[in-house]
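Please model the complete structure; the sequences and the hints are all you need to start from.
The lines below spell out each chain.
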Amino acid sequence: MKSFFNPKTIAVIGASTNPNKVGGILMNKLKSFSGDVIPINPKLEYKTVLDFNKSIDLAIIAVPAKFVPNTLEQCGKKKIRSVIIISSGFSEVGNTKASKQIQAIAKKHKINFLGPNCFGITNSSNNLDTTFSKQTPKKGSISFISQSGALWSYIADLNFGFAKFISLGNPVGLGFTDVLDYLRRDRKTKSIILYIEKISNGKEFIKAAKKCKKPIYAIKAGKTSEGIKAAISHTGSLATDYEIYRGMFKQTNIILCETIEEALEKASKKKMKPRGGKKQGKFRIDFKKDAKIITNAGGAGALASDYLNERNIKTKMIDILGTATSYEYKKELNKHKKDNILIIVTPQSMTDIDEITRVIIDFKKQNKKLIVCLLGSKSMQPSISLLRKNKISVTNNLRPLKK
Amino acid sequence: MLEKEAEDFLEKNKFNIVNRSFIKNKSQLDKVNLSFPWVMKVYSKSIIHKNKHGGIIQDINSIENAQRSYTKLSRLRGFNGIIIQETLRGQELILGLKNTKDFGLTILLGAGGTNVEKIKDVTFRVLPISKHDAISMINDLKIKIINKSAIIKNLIKLNKLAKHHQDIQELDINPIIINKQSATIVDVRIIKS
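If you're matching them up, the sequences are chains Y and C in order.
The letter at position 66 of the first sequence is residue 66 when you use this note's numbering, and the numbering goes up by one with no holes.
The letter at position 26 of the second sequence is residue 1026 when you use this note's numbering, and the numbering goes up by one with no holes.
Simulated from the structure, these hints should not be mistaken for lab results.
Fair warning: there could be bad hints in the mix.
To be verified - Restricting the straight-line Cα-Cα distance to at most 27 Å, the calculated cross-link-like pairs of lysine-lysine (DSS-like) are: (1) C:K1160 x Y:K250; (2) Y:K207 x C:K1101; (3) C:K1131 x Y:K250.
What the hints assert, rightly or not - Here are the in silico distance ranges between beta carbons for each label pair: (4) C:K1052 x Y:N112: 19 to 29 Å; (5) C:N1016 x Y:E204: 51 to 61 Å; (6) C:G1081 x Y:D339: 49 to 59 Å; (7) C:D1121 x Y:E204: 37 to 47 Å; (8) C:K1120 x Y:K107: 36 to 46 Å.
A virtual CB, placed ideally from N, CA and C, is assigned to each residue, including glycine.
Structure follows, in structure tokens:
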């Protein structure tokens, strides 16, 4: 995995000069990187990676899903062994055939890849940041492996120091086991946080976790999912996903945390500052039965859903994706004028926070049953103050949702 | 696998099962050599939830009572015979195995009885487990186990059983009854693939 974190030359496939496009955001983010960054695009000098005559250590693929197999094939021919597939539109939307196709191409060319639907990686020691978060956090010793990429844009906005961040994207390419095996030997990493939705190679993961001598903190989403209802045996109906993970964490000395905030505090041995002091206490959840969660970060939505379920509030998550702007928020809100609503916003590259804040204030005039999580610190503070002035129940972290 | 076969299977694998008899005929009651009080359970290929269908009668103190109970159980649809067990008193626990897609076989320990789902005092581990894991499972529970070493032994035995029978999908020992001297299995259900 070394060439993921310490590449000399990076190719951005699907690079763009438009700062609002994925390929443009990536090029901007990589300006602070100390190595060489080669933009690849049919409209530019290098149409494919094969047109570049020196070697490439890491390729970042940000082209539409249908072009990914061919692009990966070219990476293989160019002998690029490490690839990050940012492109979405695979198994997360039911396209499992394409996932299998890229798996086969990667195997043929011995390519290690993250994703697809990967949010990117960071390495603070060489200023490498290929993610879509607004902020890059300061250098530190925590590393974070996440099955939800967008959670990173929240965490990167807080005042914690990080060594590395790895988004796993869809569980097709490299998984927890591979990355954990790397991080346990990484000198810059002193503690590790995992955000887990599902581990597919459980036995291998347990082996890797047992070998790791650094403290590992885990957050497991899907707490309230039920066991097999029609199970014939008691064991069958008691065997919920969460209970099995809880036991597995004990066996591997992984510390299970209830919230992402708890994991950050434990890993850094530092308390999060409650911004706005006592005003934080004003956050109230004034609905009881059910709620729609409108979010631009799937992982944050999944955790919020767990916390509300624990309060016996039924939830339905509407993931409007990391590319969502005030337009998507407005469009989705207008469909739910009579519902109880939790709005979650994480600060990603395309998130127009000021505009979204205006949309929320407008919407509040029509729908009183509304609570808001603006997840972050630096990027969110002005909007939080503004929402509070308008008497909207708002918090900057997920913890107040918990019972 | 039905209760009778499942109990025989565990007994063969050196688990301690309650003293019991199996009869298919009322006249065999006289030859049953078990001390009262008895529990009588219907043996049936079609009745999965015996308790729900009135397939279990407890606190049987005399042969006359046993004969009446036999008549009652024999009228149940799907009747194939009767299991008679001695009654045990003690702490009721549940032990189990469950095959999962992501981790393979897992093992469960918890507070047992008829409403385990309501009490939900349970803990899981992924197999194989060590003695250290078994002890930590006991410490996870809210209830205080009155004979820890007997439960550790049973957890380790289950661990070994699972190793040699990877086709087990679900195994449910509920309850295993423990007292200061022993741990005895009273009911078991096994689903193999």
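- request: Report the numbers of all earlier hints that the structure fails to satisfy, in ascending order.
  value: Of the numbered hints given earlier, those the structure breaks are 4, 5 and 7, listed in rising order.
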